[in-house]
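Please construct the entire structure, taking both the sequences and the accompanying hints into account.
Residue numbers (numbering that gives the first Met the number 0): 0 to 206.
Among the hints, a few may not be true.
Said to hold, decoys possible - Estimated spans, in silico, between C-beta atoms of each pair:
#1 Phe134 to Pro179: 46 to 52 Å
#2 Leu1 to Gly140: 17 to 23 Å
#3 Gln173 to Ala143: 43 to 49 Å
#4 Leu184 to Gln204: 30 to 36 Å
#5 Pro63 to Val151: 28 to 34 Å
#6 Gly195 to Ala61: 27 to 33 Å
#7 Ala167 to Leu2: 33 to 39 Å
#8 Val135 to Ala75: 31 to 37 Å
#9 Ser105 to Ala62: 33 to 39 Å
#10 Lys60 to Gln173: 44 to 50 Å
#11 Ala201 to Val10: 18 to 24 Å
#12 Leu13 to Leu166: 14 to 20 Å
#13 Leu2 to Ile203: 24 to 30 Å
#14 Pro63 to Trp170: 38 to 44 Å
Please keep in mind that the hints were generated in silico from the structure rather than gathered at the bench.
Every residue gets a Cβ at the ideal spot worked out from N, C-alpha and C, and that includes glycine.
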Amino acid sequence: MLLYLFALAMVYLLPGPDMILLLQTGARHGRSQALTTALGLGIARACHVALAALGLAALFKAAPWTFDMVRLAGAAYLLWIGVRMLRPGSLALLSAGPQGAQPALSWRAALQQGLLTNLLNPKALLFCSVLLPQFVDAHNGPVATQFLGLGVTLVAVGLLFDSCYALAGAWIGQWLDKSPRAQRLQQWLFGGLLIGFAVRLAFIQQA
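Take a look at the structure:
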């Protein structure tokens, strides 16, 4: 179990679209919305665990077009979020004042963006399908029970890390409130990174 937790920690520490989304949401919309986005990410991971348990990852191998469809949809969604951050109107709002002066992100929208960002990443499903079986031992009890325990742990550890990123983003937002110029630079940085992740996802191939 310690090795499994270490593997999860290493994965969640790697910069990726989930981390950038949480930092950006926290910085622009505050702690509550960022934590709601983290919840959406957790729900998406739970779905990936369930799909991995059902063997749905094999569908990507049998019908590669399904992998491409999900991959391109995920890339388009990340690109849309990144471009939306860089729109002149979005950047101009940052000069108007602190977080409270910016358009509020609804709870539903915050949850949805976390859910879709992770759910539309086919590599997340493949990751669960590859990692979890390695820690299942038929001699240690029912396989289904072990898989469930590993899946719950994966989601819980992810929520822990995501909550930290959400809180860090909110802290960054409070600090950036003092400097509209720094806010604009932050938007350009996070928007550019999400666009970069979108391009990478668009060209990624199955192993």
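Structure-based check of all given hints:
At about 48 Å, the beta-carbon gap between Phe134 and Pro179 stays in the expected band of 46 to 52 Å. One distance hint, 17 to 23 Å for the beta-carbon pair Leu1 and Gly140, holds here, with the actual separation near 19 Å. Remark: the range hint 43 to 49 Å for Gln173 to Ala143 is upheld by a beta-carbon distance near 45 Å. For Leu184 paired with Gln204, a C-beta distance near 34 Å keeps the hint of 30 to 36 Å intact.
A hinted range of 28 to 34 Å holds for the C-beta pair Pro63 and Val151, which are about 31 Å apart. A hinted range of 27 to 33 Å for the beta carbons of Gly195 and Ala61 is consistent with their spacing of about 31 Å. Take Ala167 and Leu2: their Cβ atoms lie about 27 Å apart, and the range 33 to 39 Å is violated. For Val135 and Ala75, the hinted distance range of 31 to 37 Å is satisfied, since their beta carbons lie about 35 Å from each other.
The given range of 33 to 39 Å is respected by Ser105 and Ala62, whose C-beta atoms sit roughly 36 Å from each other. Here the CB-CB span from Lys60 to Gln173 is close to 47 Å, well matched to the stated 44 to 50 Å. For Ala201 paired with Val10, a C-beta distance near 22 Å keeps the hint of 18 to 24 Å intact. Judged by the Cβ atoms, the range 14 to 20 Å given for Leu13 and Leu166 holds: they are separated by roughly 19 Å.
About 27 Å separates the C-beta atoms of Leu2 and Ile203, a value consistent with the hinted range of 24 to 30 Å. Look at Pro63 against Trp170: about 43 Å separates their beta carbons, and that is inside 38 to 44 Å.
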